[in-house]
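S.K.: Go ahead and model the full structure; you've got the sequences and the hints to work with.
First to last, the protein sequences are chains A and B. Start counting the first sequence at 1; every next residue gets the next number (this note's numbering). Start counting the second sequence at 1; every next residue gets the next number (this note's numbering).
Since the hints were made in silico from the structure, they are not lab data. For each residue, glycine too, the CB sits at the ideal point set by N, CA and C. Watch out, some of these pointers could steer you wrong.
Said to hold, decoys possible - Facing chain B, a subset of chain A residues (Cβ under 7 Å, in silico):
(1) T60
(2) G74
(3) A79
(4) E82
(5) A102
(6) D115
(7) E116
(8) E118
(9) G146
(10) R147
(11) S150
(12) D156
(13) F159
(14) D162
(15) I316
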Amino acid sequence: METNGNMSSPWDGIDFSRVEHQKLVIIGSGPAGYTAALYAARAGIHPVVITGLEPGGQLTTTTDVENYPGYPDGVMGPAMMEDFKRQAVRFGADARWGMVTAVDLSRRPFRLLVDEEEPLTADSVIVATGASAKYLGLDNEKRLLGRGVSACATCDGAFFRDVEIAVVGGGDTAMEEALFLTRFASRVHLIHRRNAFRASRIMQQRVFDNDRIEIIWDTIVTDVLGKDEVRGVLLEHTSTGQTRELPVGGFFIAIGHQPNTELFNGWLDMDALGYIVTQHSSTTTNIEGIFACGDAQDHVYRQAVTAAGTGCMAAIDAERWLAAQEAVATAVVA
Amino acid sequence: MANNAAYITVTDDSFNKEVLESPLPVLVDFWAAWCGPCRVIAPVIEELAAEYEGRVKVAKMDVDNNPHTPMQYGVRSIPTLLFFDDGQVTDQMVGAVPKRQLAKRMDALAPNVT
Chain A
1 METNGNMSSP
11 WDGIDFSRVE
21 HQKLVIIGSG
31 PAGYTAALYA
41 ARAGIHPVVI
51 TGLEPGGQLT
61 TTTDVENYPG
71 YPDGVMGPAM
81 MEDFKRQAVR
91 FGADARWGMV
101 TAVDLSRRPF
111 RLLVDEEEPL
121 TADSVIVATG
131 ASAKYLGLDN
141 EKRLLGRGVS
151 ACATCDGAFF
161 RDVEIAVVGG
171 GDTAMEEALF
181 LTRFASRVHL
191 IHRRNAFRAS
201 RIMQQRVFDN
211 DRIEIIWDTI
221 VTDVLGKDEV
231 RGVLLEHTST
241 GQTRELPVGG
251 FFIAIGHQPN
261 TELFNGWLDM
271 DALGYIVTQH
281 SSTTTNIEGI
291 FACGDAQDHV
301 YRQAVTAAGT
311 GCMAAIDAER
321 WLAAQEAVAT
331 AVVA
Chain B
1 MANNAAYITV
11 TDDSFNKEVL
21 ESPLPVLVDF
31 WAAWCGPCRV
41 IAPVIEELAA
51 EYEGRVKVAK
61 MDVDNNPHTP
71 MQYGVRSIPT
81 LLFFDDGQVT
91 DQMVGAVPKR
101 QLAKRMDALA
111 PNVT
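M.R.: Given below as structure tokens:
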């Protein structure tokens with residue numbers, strides 16, 4: 001699997017006999033990654049965390065986290081992730097900013113490449129790469145990204161002071177984004193393809209109670225309009241098929257998430273949606289020594305606290321597996 | 001390594017002179033204190049500023065204190081990196097990117113010097 005004949009490979013020219021080696025590399029730095037790092041560090045494994053381009057993960061683009069136990073007054077997402085990191089680093093986790101761009105899981109130690117240039121080998125790997133916002137997949141949506149199209153209200157909301165904006169989605173994220181954007185926007189149009197939200201009751205109620213939010217039911221967005229910046233969106237009613245333009249200066253997408261698992265295509269077993277399959281209520285994957293936790297393997301719960309829980313499981317699974325490997329190696333030597 | 005002298009801070013007032021009229025190509029980093037990804041790439045920008053000193057000018061603009069320039073260039077998300085050459089935007093990147101990718105774009109901006 002590792003040789004592609006004459007195709008150039010990301011591994012070309014690397015002398016793996018001189019590459020940095022680690023017992024455990026954790027890919028990802030959300031609640032799952034840092035909890036795994038905390039437990040592994042306390043077990044004396046000295047894990048290296050490759051944080052990804054968004055250290056702290058999805059929570060760093062949220063505002064108040066009100067449902068993480070232990071914070072009775074709520075906590076800001078970025079502050080909470082700073083706490084997660086500090087706790088893991090305190091026990092010896094080594095957090096490095098970078099993105100794992102290639103893996104070779106065909107041999108041990110496993111091979112990883114960070115930022116296309118820094119190789120690393122590892123006895124075991126914990127995959128905690130999480131999930132990212134999904135886009136609608138429209139050409140103009142992509143073209144106008146950063147020019148009025150956004151998937152992060154807390155990042156970009158402040159650019160839309162006194163402007164009418166549209167949010168598409170029906171889950172908790174969409175509610176949170178719409179509510180947050182009322183701080184800046186003169187009016188928020190919340191577009192949903194059905195006639196009911198799937199968001200939690202409490203979040204829905206806050207949206208219904210906010211008179212700056214107008215809900216547009218049974219409607220999909222078929223195009224984003226504007227030359228250099230967003231001028232509006234094209235809407236289509238799902239039952240009548242009627243179309244109309246909605247003039248807005250910003251368009252926020254909150255239609256769910258997809259797992260960040262492309263890197264492991266062909267290596268790890270995944271379900272139809274790309275979530276890594278773990279075995280028997282553990283974090284074990286189809287490759288011995290590779291463990292998966294957090295949103296990368298969970299499309300059901302997807303909470304900070306469940307991600308942290310599976311991160312802890314992954315560290316314990318990895319620690320036991322590493323210990324068993326060492327026991328075998330020692331027995332062979334003896 | 002990175003030092004304070006390697007990049008400049010640019011404002012709405014100084015933008016014309018420092019960026020548009022610059023003899024060197026310029027990378028402008030639009031950022032704000034409240035933006036997490038901006039903080040993440042800040043050290044990378046500073047390192048690149050030192051590495052490309054004399055070839056590419058690196059300028060940082062705080063969008064909270066300088067609303068005019070980001071508006072003018074349609075910046076609606078940060079971090080946004082705009083590359084200027086002879087007063088024209090030649091390239092742009094939105095969001096945090098790995099250092100190597102950024103360096104490639106910088107190389108394209110300053111192709112004649114190695």
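S.K.: A separate judgement is required for each hint: does it hold in the structure or not?
M.R.: Now for the hints, and whether the structure bears them out:
1. Checking T60 of chain A against chain B: minimum C-beta separation of about 5 Å stays under 7 Å; hint holds.
2. For G74 of chain A, the suggested interface contact is broken, since its CB lies about 18 Å from the closest CB of chain B, more than 7 Å.
3. Using the Cβ-Cβ criterion of 7 Å, the hint placing A79 of chain A at the interface with chain B is not satisfied: the shortest such distance is roughly 11 Å.
4. Annotation: E82 of chain A was flagged as interfacial toward chain B, and the flag is violated, the nearest CB pair being 10 Å apart, outside 7 Å.
5. Because the beta carbon of A102 of chain A sits about 13 Å from the nearest beta carbon in chain B, more than 7 Å, this interface hint is broken.
6. At about 5 Å, the closest approach between the beta carbon of D115 of chain A and any beta carbon in chain B falls short of 7 Å, and the interface hint on this residue holds.
7. Look at E116 of chain A: its Cβ gets to within about 6 Å of chain B, closer than 7 Å, so that hint holds up.
8. Annotation: E118 of chain A was flagged as interfacial toward chain B, and the flag is violated, the nearest CB pair being 9 Å apart, outside 7 Å.
9. Given the 7 Å rule on beta carbons, the hint for G146 of chain A holds: about 3 Å separates it from the nearest Cβ of chain B.
10. Taking 7 Å as the C-beta cut-off, the interface hint given for R147 of chain A holds, the closest approach to chain B being about 5 Å.
11. For S150 of chain A, the interface hint holds, since its Cβ comes within 7 Å of a Cβ in chain B; the closest pair sits about 6 Å apart.
12. Satisfaction of the interface hint for D156 of chain A is found here, the shortest Cβ-Cβ separation to chain B being roughly 5 Å, below the 7 Å cut-off.
13. For F159 of chain A, the interface hint holds, since its Cβ comes within 7 Å of a Cβ in chain B; the closest pair sits about 5 Å apart.
14. Of the supplied interface hints, the one on D162 of chain A is violated, with its beta-carbon coming no nearer than about 12 Å to a beta-carbon of chain B, more than 7 Å.
15. Because the beta carbon of I316 of chain A sits about 30 Å from the nearest beta carbon in chain B, more than 7 Å, this interface hint is broken.
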